[in-house]
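A.B. asks: As a plain string of letters, each chain reads:
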Amino acid sequence: MAKIKLPAAKVEELKGVCVKFNRDGGELINVLHAAQELFGYLPAEVQELVANEMNLSIAHVYGVVTFYSFFSMIPKGEHPISICMGTACYVRGAEKVLDEFKRHLDVKVGETTEDGKFSISCLRCVGACGLAPVVTVGEKVFGRVAPEDVKGILEEYS
Amino acid sequence: MAKYKNHVLVCGGTGCRASQGEEIVQNLNQVIEENGIENDVQVVRTGCFGFCEKGPVVKMVPDNTFYVQVKPEDATEIVKEHLVKGRQVERLLFTDPETKERISESKDMGFYKKQIRIALRNCGFINPENIDEYIAREGYAALGKALTEMKPEEVIKEILDSGLRGRGGGGFPTGLKWELTRKVEADQKYVVCNADEGDPGAFMDRSILEGDPHAVLEAMAINGYCTGASIGLIYIRAEYPLAIERLKIAIEQAREYGLLGKDIMGTGFDFDVEMRYGAGAFVCGEETSLIHSMEGLRGEPTVKPPFPSESGYKGKPTNVNNVETYANIPVILLEGAKWFSSIGTEKSKGTKVFALAGKVNNVGLIEVPMGTTLREVIFDIGGGIKDGKGFKAVQTGGPSGGCLTEKHLDIPIDYDNLLACGSMMGSGGMIVMDEDDCMVSMAKFYLDFTVEESCGKCAPCRIGNKRLYEMLDKITEGKGTEEDLGHLRNLSNVIKDTSLCGLGQTSPNPVLSTMENFWDEYVAHVKEDKCPAGQCKSLMQYVISEETCVGCTLCSRVCPVDAITGDKKAPHIINQETCIKCGACYDKCKFAAISIQ
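The listed protein sequences derive, respectively, from chains H and P.
Okay, so the first sequence: first residue is 1 according to this note's numbering, each after it adds one.
Okay, so the second sequence: first residue is 1001 according to this note's numbering, each after it adds one.
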């Protein structure tokens, strides 16, 4: 894989975060949260940087990144779509809604469309079970989504 | 503090906020100002009222009028009619589904009648971002009482006597846990709040943290006083941004008031709270995993003993309790163990918060005394099954629990009864299913979750659950055999017996309990290639009845893949090759001409 050039300003900022946490290995998860916030995702280059700054092995950092589902190594789309697959949404038909998104965008869960516009992911319970099934696009929450609403939601963002 | 004649409480829980709760607050404030009554009326953003089904909820105080499904544009009418003229806005009141009567106060609604709110006492009542409102409701009085009037041993005895058991799922006696941590000598101890609510379909802890964060902080400080810890850590999911924000505000305010920090209330007791963020791993609800995750490691469990009370965070004695457990503590100290233990059943005292969801009319957050029956919860509080369908099962305990059926409806809910029927209390998720839900698919759904969330450390959980999932998948595809059913049961038992932690030891429960209670359904899948509930796509097809179809063309218009053809006013046909079985036509047909075969 070709190496990505990380923007220098963000690299400096991330180094600052590591210093703020005293390069303490116990704070690795907090550092990774900050790194994902900065870069949007955690490509190999960022993990390498974090490992160097925190005096940890790259394997250790990679092990932690891949363990937690919140951390992503693939950039998300401009409008990340999350379909809640918590039990409450599932029994109210979330799977059909998910199928409809996959069909319209022609990508699988965890992938991003070619134009980088949308990405689909599943999440487990946003805690708005009264509105099941729930879909979030970026920060916006759509409640009681039916398969036939999917087209309209996508059109809002294209 | 300014004094107001009227308060308008607007639900600021996640569900209501997602339904334009913020716009409602803005509009209310604007109209209140336009009418020049801003010095008499205060709009307060509270925590969750619980009645999520009818959200967004707006409550008027002092007359307790309870408006449901409020829209931002209703603000004008609420202000002009209710606040200015003193007349209720009839159309926004709750309508009783049976009597069709309008009900204006929550205490008269079926949803609230059987509830007792202890852990949720302040949710939907106070502004969670204002410490003064918490203090006005006896907040931090329990901490004061403990620090100035009671020895740590006395506080622990009170908790022990109350009979409080861990609300995170296991049901371990809370007082005993505190006592164990207290007895170990160490230079540093920690108390931890487990707010890693990972059970899909459960949102109790989040609602408490969003609606009453100080209750948790106060209880953690009391815990610190009892166990000898000076640092409290809250391990919270990063997916709960609103709860995180409110906790941060609460911690700052408590520090400002000297209720956290050095020399609390001048008693020489030091205690402060820090936050630690989870990153999406269900297994981190297990206490040893949680502790490893707080140490910046992969959240894998380790063998107990040593228990965290001996060697936990950074190798120091650590006491881990769940959010809801903490929320009960201040009340127990103020009202007494005797009062608390008068509520509930013989071995399960107090109340339990449940997130009632799924195919039930009143989805929401409820708190009922232990010993309430499932029937009362689902039918009286929950208002019965949606769309008049038949009740089929209720799943408690999330991915670790089981499906209970009609015959379990009158069993009083407590830790031991639920275990005895093959499920468990768990953290309090309660998902109701109707006749259209396939139990094999349900078991598969939970196994899919477990496979994804298994940390991979021990083989039975990592490999065993994967095999269980594959077998269930085969069965739902119509390719299963009777032999598979035997394998399914055997493997489930092996996984239960040999897994390292609670996740693996309970993960086959959804399979075992559905096999126990819905054996016929499994048999129908493998023997007759049929899914009785009509949910498994490979085993069903949608068919239009020639006799009933009037040719209204609605189905062909809603079909996303143009699989339905037919002329106007003539019977339509579904092309089974193209059909993706999304069910849109079935849901939309007004003449019940489409059936599942």
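In case anyone wonders, no lab produced these hints; they're calculated from the structure.
Be a bit skeptical, because a hint or two may be false.
In silico DSS-like links for lysine-lysine, alpha-carbon gap of 30 Å or less [said to hold, decoys possible]:
{"id": "1", "chain 1": "P", "residue 1": "K1113", "chain 2": "H", "residue 2": "K96"}
{"id": "2", "chain 1": "P", "residue 1": "K1537", "chain 2": "H", "residue 2": "K102"}
{"id": "3", "chain 1": "P", "residue 1": "K1581", "chain 2": "H", "residue 2": "K117"}
{"id": "4", "chain 1": "H", "residue 1": "K151", "chain 2": "P", "residue 2": "K1005"}
{"id": "5", "chain 1": "P", "residue 1": "K1588", "chain 2": "H", "residue 2": "K140"}
{"id": "6", "chain 1": "H", "residue 1": "K108", "chain 2": "P", "residue 2": "K1581"}
In silico contact screen, one side only, chain P against chain H (beta carbon under 7 Å); selected entries [what the hints assert, rightly or not]:
{"id": "7", "residue": "P1173"}
{"id": "8", "residue": "L1176"}
{"id": "9", "residue": "V1331"}
Every residue gets a Cβ at the ideal spot worked out from N, C-alpha and C, and that includes glycine.
A.B. asks: Holds or violated: K108 (chain H) with K1581 (chain P), Cα cutoff 30 Å?
C.D. replies: holds, 19 Å
A.B. asks: Keeping to a limit of 30 Å between CA atoms, is the pair of K151 (chain H) and K1005 (chain P) held or broken?
C.D. replies: violated, 48 Å
A.B. asks: Does K1588 (chain P) pair with K140 (chain H) here, judged by a C-alpha cut-off of 30 Å?
C.D. replies: Judged against 30 Å, a Cα distance of about 27 Å means the pair holds.
A.B. asks: Given a cut of 7 Å on the nearest C-beta pair, is the interface hint for V1331 (chain P) held or broken against chain H?
C.D. replies: Violated, because the Cβ-Cβ distance from V1331 (chain P) to chain H comes to roughly 24 Å (cut-off 7 Å).
A.B. asks: For the pair supplied as a hint, K1113 (chain P) and K96 (chain H), confirm whether the alpha-carbon distance does not exceed 30 Å.
C.D. replies: At roughly 36 Å apart (the allowed maximum being 30 Å), K96 (chain H) and K1113 (chain P) break the hint.
A.B. asks: CA of K1537 (chain P) to CA of K102 (chain H), is that 30 Å or under?
C.D. replies: holds, 17 Å
A.B. asks: Should the interface hint for L1176 (chain P) be scored as holding, given a Cβ-Cβ cut-off of 7 Å against chain H?
C.D. replies: violated, 29 Å
A.B. asks: Decide if the proposed pair is consistent with the structure: K1581 (chain P) and K117 (chain H), CA atoms, cutoff 30 Å inclusive.
C.D. replies: Distance of about 28 Å is within 30 Å: holds.
A.B. asks: Checking hints one by one. Is P1173 (chain P) an interface residue toward chain H, by the C-beta closer than 7 Å rule?
C.D. replies: violated, 29 Å
Comparing the model with each numbered hint stated earlier shows that hints 1, 4, 7, 8 and 9 do not hold.
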